[in-house]
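Visitor: Residue strings, one per chain:
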Amino acid sequence: MNYVPGLGIAKGMALTLRRFFAPKATIQYPETAPDQAVRFRGRLQLLYDELGNVKCETCFQCAQACPVECIDMGGHDTKNRFYTHWGPAETYAERREESALRRSGRPVPDPEYIHFDPIDMVAAEEILEARDYDPRPMVGLLEEIQRAYGYLPVAVIKHVSHVTGAPYALVYGTATYYRHLRFEKPGRTVAVCRCTGCLIAGGGRIAKDLAAALHTEIGQSPAGKVALEELPAHIPGAASPLVTLNGKPQPNVTAAGAAAWGRSLAGKTVA
Amino acid sequence: MSFATRTWTRMSIPERLLAIFVPLAVVLAIATVLAIVLLGPPLLDFLGANLPLVRFLVAVTAILLMTVPTAFVIIYMELKVIARMNLRIGPNRVGPWGAAMSLIHGFKVLSKEDFAPTGADLPVFTLAPVVTYMASVMTLLVIPFAPGLFGQDLNIGVLFFFAMGGMSVLGLLMAGWSSFNKYSLLGGLRSAAQIISYEIPLTLSAVGVVILAGTMSMNHIVLSQSGSALDWFIFKQPLAALIFFIAATAEANRTPFDMTEADSELVAGFATEYSGMRFGFFFFAEYVNVFIVSALITTLFFGGWTAPFNWPWPYNLNGLDLSNGTLWIGIAFLVFVLGTDVLALLVRFFGGRSWNMPSAMVLGFIFTLVAVVGVVGLAGFIAFDWIQGLFWFMVKTYAFVFVFVWMRGTLPRVRVDQLMSFAWKWLLPASLLNLFVTAAAVVLLSQ
Amino acid sequence: MTNVKVLETPVRWHRILLPANPTAKPADLDAALKAGAWAAFTRAVGDMSAAAIVGAVARSGLRGRGSAGFPTGEKWRACALAKSDRRYVVVNAYQSDPAVLSDRVLLETNPYAVLEGAAIAAFTVGASEIIVAVRAEATDAIRVMEEAIAASEQRGFLGAEILGKKLEITASVKPLAGSYMLGEETVLLKGIEGRRGQPEQQPPHPATRGLFGKPTLVHHPQTFAAIPTIIADGPGGFAAIGSKASPGTVLVQLSGSVAQPGIAEVPLGTPLREIVDLAGGILSPHTLKALLVGGPSGGILPAEAIGTAYEYDALDKAGAHIGSGSIVVVDERSCVVDLAAVLTRFCADEACGKTIPCRIGLRRMAEIGARFCDGQPRGDEITRLTDLSADIVASRLCDHERRSTLPLLSVVRYFRDELDAHIVRNTCPAGVCQSLARPRAGAV
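Residue numbers (the working numbering), protein chains in the order written: chain R, 1 to 271; chain Z, 1 to 447; chain H, 1 to 444.
Worth flagging that the hints you see were computed from the coordinates, not collected in a lab.
Just so it is clear, the structure is predicted and the values come from calculations on it, not from any experiment.
Each hint should be verified, as a subset may be incorrect.
The calculated EDC-like cross-link candidates involving lysine to aspartate or glutamate, where the alpha carbons are at most 16 Å apart (straight line), are [said to hold, decoys possible]:
id : chain 1 : residue 1 : chain 2 : residue 2
1  : H       : 214       : H       : 200
2  : H       : 174       : R       : 144
3  : H       : 214       : H       : 85
4  : R       : 208       : H       : 374
5  : R       : 55        : H       : 349
6  : R       : 208       : H       : 367
7  : R       : 248       : H       : 137
8  : H       : 174       : H       : 129
9  : H       : 174       : H       : 193
10 : R       : 225       : R       : 184
11 : H       : 214       : H       : 193
12 : R       : 208       : H       : 349
13 : H       : 174       : H       : 146
14 : R       : 248       : R       : 229
15 : H       : 174       : R       : 143
Between the sequences and the hints, there should be enough to build the whole structure, so can you do that?
Guide: Written out as C-alpha cells, the structure is:
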C-alpha cells in the first residue's frame with residue numbers, strides 16, 4: 001500500500017475547513033447589485049408581441065455575431081418572406097423530423113425540402129473558382145449564383161459556406177437583406193410600384209387588394225402560386241398606378257379592378 | 001332575540017375577544033390565587049417529603065424541553081456551517097442572521113397534513129416516531145452535564161445508554177413495517193442492519209473505557225478523568241476513540257453513513273410514508289442523536305465537564321449572600337435604569353440624529369441586558385462549579401457537533417455493502433484488538 | 001435615355017448641374033472639353049493646393065445635396081485630416097426614391113461634371129479610387145458613365161499618370177440593387193463591400209473610417225457636379241446663387257396633379273409656388289390640397305405653405321425636407337390621412353431592421369395610421385403618435401427613422417381637422433378611405 005489510509009479524508013476536510021473561513025461568493029441582492037457589463041442582456045429570450053407574432057426577423061445577425069456559433073434559426077421571418085432551411089433544428093428545440101431524415105440522406109416528403117434533390121454544383125464551383133473562394137464580397141457572389149441558377153438553392157448556399165469558410169449565418173444574413181435575391185424558384189410574379197406617385201393614385205389599396213386576392217403578402221413566395229413583390233423603382237414613363245406581371249406593365253389594372261384581376265390570375269392553373 | 005344575542009352580533013371581533021377573555025382571565029386569576037393560598041402549603045410539604053421524585057420529574061421535564069431547542073440549534077448550525085463550507089452564506093433573512101430559520105422549519109413541519117397511507121397499521125405507524133424519539137431522549141437521562149447536573153446517576157449508565165440506543169432500531173423497524181410499502185420496509189431493514197452492525201464496535205470500544213475507569217457509571221467515568229487535560233481517556237484509548245467516533249457516526253445515520261436518508265436512496269427509506277409532525281419526530285430524533293453521540297464522545301474520551309486545566313481561582317463566591325432579596329432587586333433596578341439611560345445617550349451621541357429617543361432607549365436596554373447577563377454569567381462561572389462544568393461540556397459537545405456537520409459537508413457517502421463490510425471486517429476486529437490490548441495492559445500494570 | 005421631361009426654367013436662373021444645351025452624345029469628350037469640362041480639374045491639380053481647394057469649397061457655402069445639408073468643405077477637411085494610406089471617394093448615385101430620376105438624368109446628360117467634381121475631391125483628400133454607385137436599373141446612366149470614364153482615362157484625366165504628374169486616380173461604376181436603405185451613406189458602403197446593408201453608428205464618420213475601414217468621402221452626384229463651377233468661377237459666384245444659408249441649385253422632380261410633370265434645376269431658396277408653376281401649376285379643374293415635399297419620407301405641407309422657400313432650414317422648420325428632391329402635388333381627390341398612412345407603411349417595410357425604434361416603432365406608427373384611416377383609434381392615438389415619434393427620433397441610428405415620422409407628424413400638424421373628421425366624425429372628406437367613404441356629392 002503506498003497510500004496512507006485516511007489521508008484523503010483528512011485532505012478533504014482540511015479543504016472544507018479552509019473554505020469555511022474563505023470569503024463567500026454570494027452576492028446579497030438586492031442590497032448589492034451584481035457587477036454586470038454595460039451591454040448585458042440577461043437571458044436571451046425570443047419575445048412575442050401582443051398579436052402573438054414572434055419579434056424575430058430571422059436576420060441572422062445574432063447568429064453571425066455569436067463567437068461560439070451556437071445560434072441557429074429556422075422558420076419564417078416576421079415579414080414571411082422566406083423559410084430558412086439550414087441549421088440543426090435541435091438548437092431551437094424544434095421538433096422537425098425532417099432534419100433527421102435529411103441527415104440520413106433519405107428523401108424528405110415535405111415539399112419545402114425538395115431542394116435537397118441533387119443540384120448540379122458545377123456552375124457554383126466555376127463561380128467560386130473565378131472569385132478565388134473569397135467570401136468577403138458576398139453580395140456579388142450571390143448575385144452571380146442567382147444568375148446561374150435563377151434563384152439561390154439551399155444546397156449551393158451550404159456548399160458556399162463549406163468551401164469558403166464563411167459561416168452560413170453570414171451567407172444567410174447577407175442574402176436575406178437584399179430583395180433581389182430569391183430562395184425559391186421564380187414563378188409568376190406580380191409587382192406593385194409603391195413610389196409616391198403610385199401611392200397617391202391608389203397603389204396602397206391595389207397592393208392590399210392583390211394580397212388578399214392572391215392569398216399572399218408582399219415579399220412572400222408561396223410555392224406554386226403567384227408571388228407578390230414590390231417594384232424597386234418606377235419604370236420611367238409608365239402610368240401610375242403601376243402593376244407588372246413578370247416584369248411587363250399591366251396598364252389595365254386600376255385601383256377598382258385590382259381585386260378582380262388578382263382573383264382571375266390566382267384562378268389560372270400554374271403554368 | 002335576547003339582549004345578549006343582540007349585543008353579541010353588534011360587537012366587532014376585537015370586542016368579542018375581549019368580552020370572552022377578560023372575564024376568563026379574572027376568573028383564572030382568582031382561582032390561581034385561591035389555589036396557591038389554599039393548596040400551596042400542603043403541596044409544598046408533600047413535595048418536600050418526596051424530594052427525589054421531584055428531582056426526577058424536574059430532570060425529565062428539563063430534558064424534554066431541552067431536546068427541541070437543541071435540535072433547532074443543530075439544524076441551524078448545519079444550514080449555516082455547510083453553507084459556509086460551500087462558499088455560500090446560508091439563511092440570513094429570516095431572523096437576525098437567519099436564526100429563526102429552524103423555528104420556521106418547525107412550524108412548517110407542524111403545518112403539514114397529517115395522514116396515514118391506506119393499509120398502514122395505524123397504532124404502530126403512530127407509535128414508531130415516538131419510540132425513536134423517546135429512545136434518543138431517554139439516553140440524555142444518564143449524561144452528566146455538569147457536577148451534580150445529571151438526570152440520574154445510574155451505576156450501569158453506559159449499558160443503559162447503549163440499550164436505549166438499541167431501542168431506536170425498534171422504532172425504525174416499526175416505521176418500515178407499518179408503512180405498508182415494500183420500499184419503506186427495505187429501507188427500514190437496511191437502517192436496522194446498519195445500526196446493529198455498528199453497535200458492536202461501538203460497545204466494544206466503550207468497554208475499553210469502562211475497564212480503565214472501573215465503573216459503568218457515567219458520572220464516575222467523568223470524575224476519573226478530572227485533573228487536567230492529560231488525564232482524559234483520549235490519550236489512553238486513541239484507537240478506541242477513533243472506532244467509537246466512526247461507529248457513532250454510523251449509529252447517528254450521519255454522512256458518510258447516511259444512505260438510509262439520502263434522497264437518492266429509496267426516497268427517505270423507512271420514513272417515506274411519513275409527513276407532518278410524525279416526520280418531524282424522526283427529524284428531531286436524528287439531530288438529538290447527533291447531540292447525544294457528541295455528548296457521549298465528550299464524556300467517555302474528553303473528560304465530560306472537566307476543564308482542560310485547573311482554574312486557580314482564589315475567589316469562592318459560593319458563600320455569596322443572596323438572602324437580602326430587596327437589596328438585590330434594588331441593585332438590579334438601579335443598574336438597568338442607569339445602564340439604559342447612559343447607553344441611550346451614548347448611542348445618540350455616536351449614532352447621530354437618526355436615532356430618536358425611544359429607539360435609543362431600546363438599544364440601551366438591550367446592551368444593558370447583554371452586559372448584565374455577561375456579568376452574571378461570568379460571576380456564575382467563577383462562583384458556581386456547575387456553571388463551569390456546563391460551559392465546558394457544551395463547548396466540547398458542540399465542537400464535536402461541528403465535526404459531524406463538517407463531515408457531512410465534505411464526505412461522499414458509502415454504499416451499503418461497503419458500509420457493512422467496513423463494520424464487520426474492520427471495525428469489529430479493531431475494537432476487539434483494542435479490548436484485548438487494554439485488558440492486557442491493565443493486568444500487566446496492576447502487577 | 002431616361003424618359004423624363006426636363007422643364008423649362010426662367011433664364012435668370014443659373015444652370016450649373018444640367019447642361020445648358022443637352023447633346024445627343026453626352027459621353028463625347030471632345031464636345032465636353034469644348035464646353036469647359038476638365039478645365040477646373042486641370043487648374044486644381046496644376047495651381048491649387050489641397051488646402052486652397054478646401055477653403056474655396058468652404059467659402060462657397062456648398063451643402064451636401066444628399067438631404068442632410070452638411071457643409072461640404074468641413075467634410076473634405078475631416079477626410080483629408082484622417083491618417084491613412086488609402087482613401088476612397090464614393091459618388092452616391094443610388095437614388096432610393098423609386099419615382100425620382102434626377103440623378104440618372106444628371107449622370108446621363110452631364111457625366112463629366114460629376115466625374116470632374118469627384119476627381120477634384122479625390123485629389124484634394126488624397127484618394128486614389130472613385131467609385132460611382134448607381135442603381136442597377138439605371139442601365140443608360142451606367143453605360144454613359146462607363147463611356148465617360150473610359151474616355152477620360154484615355155485622355156489622361158483619370159488613371160495612372162494624370163496630366164503627366166505622379167497622380168493616380170482610378171474610377172469605376174458599381175451597380176447596386178436590392179434595398180431602399182442603400183441610399184444611406186454607411187449602408188451604401190456596406191453594399192459596395194458586399195456585406196449586409198445595415199447602417200453603422202456615427203462617429204466614426206465615413207470620412208474617418210468608411211469603405212474597407214479607410215477614410216471615405218461620400219457625396220451626392222449633385223454635390224460633385226457643383227464643384228467644377230466653384231473651382232473654375234470662384235466661390236463667390238456660387239455663393240451668390242440661391243439663398244444665403246443654402247447657396248447653389250438643386251434638381252427637383254415635380255409629379256402628381258400637375259399639368260406637366262418633370263425635372264427642373266432650381267436655385268435653393270425659391271418659393272414652392274414658383275417651382276410648381278414650372279410644371280404648369282395644378283392640373284385643372286382640381287384644386288391644390290397639399291404638397292408632399294421630400295419623397296416617401298417627406299412632409300405633407302398644406303396649400304397655405306406654398307410660399308415656403310425651398311431650402312434646408314426653411315423646410316426643416318416646416319416639417320419637411322429636401323430629400324430626394326421630389327415634390328408631389330396633391331389635389332382634393334386624395335385623402336391626406338390615407339397618404340400619410342401608406343407612406344409610413346412603405347417606410348416601415350423598407351426599414352433594415354437593425355434598431356428597435358425603427359423596426360418596431362415605425363411598424364406601430366403604420367398601424368396607428370391604418371387605424372386613423374379606419375376611423376377606429378384606440379384611445380388618444382394622436383398623443384401616442386407624437387410621443388412615439390419623439391422616441392424614435394431621439395433614439396435613432398440613421399436618418400431614415402427620423403424622416404419616416406414626418407408624413408404622419410405633418411398631417412397631425414397641418415391637417416388636424418381632416419384627421420379629426422376621420423377619427424371623431426368617422427368620415428373621409430375626400431371619399432378615399434374605403435371603410436369610411438361617403439358619396440362625393442354633398443360630402444361633409
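Visitor: Indicate, hint by hint, whether the structure satisfies it.
Guide: We went through each hint and held it up to the structure:
1. 214(H) to 200(H): This hinted pair holds, its Cα atoms lying about 15 Å apart.
2. 174(H) to 144(R): holds (15 Å)
3. 214(H) to 85(H): holds (8 Å)
4. 208(R) to 374(H): holds (14 Å)
5. 55(R) to 349(H): holds (15 Å)
6. 208(R) to 367(H): holds (14 Å)
7. 248(R) to 137(H): This hinted pair holds, its Cα atoms lying about 15 Å apart.
8. 174(H) to 129(H): Status holds; Cα separation ~12 Å.
9. 174(H) to 193(H): holds (11 Å)
10. 225(R) to 184(R): holds (12 Å)
11. 214(H) to 193(H): holds (12 Å)
12. 208(R) to 349(H): holds (14 Å)
13. 174(H) to 146(H): holds (10 Å)
14. 248(R) to 229(R): holds (13 Å)
15. 174(H) to 143(R): holds (13 Å)
Of the hints listed earlier, there is not a single one the structure fails to meet.
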